[in-house]
Amino acid sequence: MLSIAGEARNLDMVDELVSEMEKNGCDKDIRTWTILISVYGKAKKIGKGLLVFEKMRKSGFELDATAYNIMIRSLCIAGRGDLALEFYKEMMEKGITFGLRTYKMLLDCIAKSEKVDVVQSIADDMVRICEISEHDAFGYLLKSFCVSGKIKEALELIRELKNKEMCLDAKYFEILVKGLCRANRMVDALEIVDIMKRRKLDDSNVYGIIISGYLRQNDVSKALEQFEVIKKSGRPPRVSTYTEIMQHLFKLKQFEKGCNLFNEMIENGIEPDSVAITAVVAGHLGQNRVAEAWKVFSSMEEKGIKPTWKSYSIFVKELCRSSRYDEIIKIFNQMHASKIVIRDDIFSWVISSMEKNGEKEKIHLIKEIQKRSNSYCDELNGSGKAEFSQEEELVDDYNCPQLVQQSALPPALSAVDKMDVQEICRVLSSSRDWERTQEALEKSTVQFTPELVVEVLRHAKIQGNAVLRFFSWVGKRNGYKHNSEAYNMSIKVAGCGKDFKQMRSLFYEMRRQGCLITQDTWAIMIMQYGRTGLTNIAIRTFKEMKDMGLIPSSSTFKCLITVLCEKKGRNVEEATRTFREMIRSGFVPDRELVQDYLGCLCEVGNTKDAKSCLDSLGKIGFPVTVAYSIYIRALCRIGKLEEALSELASFEGERSLLDQYTYGSIVHGLLQRGDLQKALDKVNSMKEIGTKPGVHVYTSLIVYFFKEKQLEKVLETCQKMEGESCEPSVVTYTAMICGYMSLGKVEEAWNAFRNMEERGTSPDFKTYSKFINCLCQACKSEDALKLLSEMLDKGIAPSTINFRTVFYGLNREGKHDLARIALQKKSALVTQRTVS
1 MLSIAGEARN LDMVDELVSE MEKNGCDKDI RTWTILISVY GKAKKIGKGL LVFEKMRKSG
61 FELDATAYNI MIRSLCIAGR GDLALEFYKE MMEKGITFGL RTYKMLLDCI AKSEKVDVVQ
121 SIADDMVRIC EISEHDAFGY LLKSFCVSGK IKEALELIRE LKNKEMCLDA KYFEILVKGL
181 CRANRMVDAL EIVDIMKRRK LDDSNVYGII ISGYLRQNDV SKALEQFEVI KKSGRPPRVS
241 TYTEIMQHLF KLKQFEKGCN LFNEMIENGI EPDSVAITAV VAGHLGQNRV AEAWKVFSSM
301 EEKGIKPTWK SYSIFVKELC RSSRYDEIIK IFNQMHASKI VIRDDIFSWV ISSMEKNGEK
361 EKIHLIKEIQ KRSNSYCDEL NGSGKAEFSQ EEELVDDYNC PQLVQQSALP PALSAVDKMD
421 VQEICRVLSS SRDWERTQEA LEKSTVQFTP ELVVEVLRHA KIQGNAVLRF FSWVGKRNGY
481 KHNSEAYNMS IKVAGCGKDF KQMRSLFYEM RRQGCLITQD TWAIMIMQYG RTGLTNIAIR
541 TFKEMKDMGL IPSSSTFKCL ITVLCEKKGR NVEEATRTFR EMIRSGFVPD RELVQDYLGC
601 LCEVGNTKDA KSCLDSLGKI GFPVTVAYSI YIRALCRIGK LEEALSELAS FEGERSLLDQ
661 YTYGSIVHGL LQRGDLQKAL DKVNSMKEIG TKPGVHVYTS LIVYFFKEKQ LEKVLETCQK
721 MEGESCEPSV VTYTAMICGY MSLGKVEEAW NAFRNMEERG TSPDFKTYSK FINCLCQACK
781 SEDALKLLSE MLDKGIAPST INFRTVFYGL NREGKHDLAR IALQKKSALV TQRTVS
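For reference, each letter of the sequence shown is one residue, going 1 to 836 in the UniProt record's numbering.
Don't take every hint at face value.
Okay, derived cross-link-like pairs now, DMTMM-like style, lysine to aspartate or glutamate, Cα gap no bigger than 25 Å in a straight line [claimed, not checked]:
#1 Lys371 - Glu327
#2 Lys826 - Glu790
#3 Lys546 - Glu574
No lab work stands behind these hints: they were computed from the structure.
The model shown is predicted, which means the values in this text are computed figures rather than measured ones.
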């Protein structure tokens with residue numbers, strides 16, 4: 001009752017219930033006290049919260065980490081850093097600790113006070129307790145000062161770090177520049193940029209921050225002045241900087257200037273991304289130039305960029321404003337055909353606009369499209385692939401024309417409050433004791449909906465045990481009922497944790513509850529079985545689906561063929577049979593599937609079937625040039641370079657386009673063979689016809705030069721990339737890390753790893769795996785253990801091989817206690833991810 005009253009923010013009722021408990025002699029237990037502290041804390045009734053806390057203490061209950069956590073967070077939210085600090089000191093004396101998130105919250109709160117020494121001592125505690133580096137801790141501290149507007153303290157911290165002779169890299173200065181821009185101290189921010197310039201630390205990124213600062217003040221003229229400064233310095237502006245300026249120019253109705261800026265970007269050889277192109281589309285639509293908008297939007301595909309969910313949604317909303325409903329139906333059909341998720345809030349937006357304009361017939365068409373919409377196609381394509389073993393695989397993934405940078409998952413529903421999602425995720429990660437977690441959930445004021453549950457499962461899927469218990473708990477609440485999307489996501493979470501018993505249990509529960517089970521549900525299960533090598537079960541599941549009367553969809557075929565082609569559990573015969581069945585059923589496979597299938601055939605030496613497959617693909621409408629480029633790439637991967645060059649020479653179609661598509665693959669194949677001069681000749685010949693080297697070509701060169709121990713050439717290649725505004729990818733950074741480690745340059749490898757994160761590229765599973773392997777081979781297994789912890793903190797689940805590598809490495813180095821910690825982390829992860 002207290003929880004319900006607290007959720008309703010009815011504090012009078014809470015007080016009445018407490019009085020009634022006392023009258024009836026009903027003693028409060030630890031749950032009652034923590035509920036009251038949380039209720040008053042969320043309502044910002046700090047006085048009452050403190051009173052309850054003291055009463056709890058006097059009642060003889062042992063104050064645990066949960067109670068302190070709730071109290072400190074409540075005080076931080078209320079801006080009472082002085083009191084939060086007292087509780088923090090009390091925790092420290094009792095040996096009670098909490099995680100990095102609460103530390104950051106406390107740091108941000110105390111930074112607003114004048115107690116600089118105290119704030120620095122908290123940063124020191126973060127290093128000691130959370131096991132993070134001083135470099136990172138001072139970065140958090142500097143950020144806290146800047147966010148709190150304590151620019152003077154931030155500058156003093158920089159001076160102090162300088163006196164300590166701590167390396168002040170670009171990260172610190174960028175944080176400071178951001179803080180100064182937020183405080184509207186643009187003159188001071190420019191002074192810091194001048195310092196960076198003298199130290200040769202300035203880059204396009206920091207100038208982009210300055211430009212963002214001016215645009216935030218709507219001072220477009222000064223932003224454009226800084227934009228000219230970047231160009232005169234010889235450093236090409238970043239795509240995001242071009243985009244931000246264009247957006248402001250379009251907003252100010254300066255359409256021609258915005259378009260000229262876009263054309264300038266193209267002329268300078270800076271490839272626009274989906275955000276930049278979408279900004280131009282919005283600009284055309286703002287001028288009611290729909291035909292031009294479509295032309296620009298269609299250019300994404302020509303540039304090898306797949307339009308994102310966000311790009312489509314902006315297009316739709318702009319068309320809504322001008323009531324161009326026929327165009328919206330055209331976009332929805334295109335999104336559906338491209339397997340792009342169409343969110344319910346977009347449908348609602350369009351239907352609402354149509355209702356206002358009396359378009360009743362078209363509303364019926366929109367609702368029909370909504371029924372056909374596949375809300376989980378992106379989820380199926382987001383499943384991870386098996387880890388590769390050779391370093392050459394680092395670059396090979398980029399040697400295909402269709403691979404573009406895009407989000408693995410669509411953005412969260414705008415109808416779902418992100419703060420609510422974050423709050424529930426924090427609750428689920430705060431304790432391994434489900435009873436305590438359940439108490440916290442019951443005290444939450446969040447309104448649970450199926451859409452919210454889907455987002456929570458998506459964001460916290462690494463904590464499979466907690467999120468699936470949460471899924472079960474929320475499903476029993478009055479007035480709530482899971483929908484098909486929520487069940488599909490829960491099935492995926494269980495499968496990702498290899499908890500197949502729980503996955504099947506959820507499937508049967510879904511059927512009992514009368515939820516619609518579609519091909520997507522089956523495809524999720526097929527993918528989860530297959531990605532762990534259980535391909536025989538995946539095949540049985542596919543047949544079981546057909547026995548249930550469901551006709552396989554394109555995504556179901558794709559999931560099964562993809563897992564059958566992977567090295568783990570590979571079944572080429574079954575993959576071939578299923579691929580042919582897919583074509584007979586009238587489906588045209590996408591480029592990713594064709595790449596997997598042809599690559600698999602070539603890897604097992606069946607190039608004859610791979611070649612014959614090209615004719616079949618051409619007959620069903622798959623682009624012939626793309627099919628040949630994928631085949632040539634596959635030949636290069638298995639070392640059959642001469643055969644690949646022969647196929648390229650004998651191709652009778654559009655040769656120039658095929659050259660562009662296969663360019664990176666041929667260069668990579670030549671470098672693998674050790675033929676540097678021919679590879680460079682190929683690069684130069686493509687430059688002559690206007691095709692600049694892409695990131696995959698540069699990465700191939702970097703891998704080659706590291707292998708040949710030519711470090712100067714590596715650095716020269718990196719400078720060329722920067723000069724041509726070619727942003728390194730996660731694959732490039734991974735190659736740099738492995739390359740430095742192969743030369744015994746451990747510190748340089750760490751610098752590359754840190755630089756990667758500072759520039760906004762997040763390390764992926766493969767990056768961590770390869771760095772861990774390299775560290776253990778270099779007898780730096782303790783550092784590898786820290787990377788395991790970092791992976792877990794970022795929601796990336798280390799594999800059994802990762803744990804085994806670190807465990808063996810630590811034992812070889814005689815660090816048996818740390819080896820036991822590695823095993824404990826593995827056991828904890830298994831427990832954390834499974835329910836069964």
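Need the list of violated hint numbers for this structure, in ascending order.
No numbers; nothing is violated.
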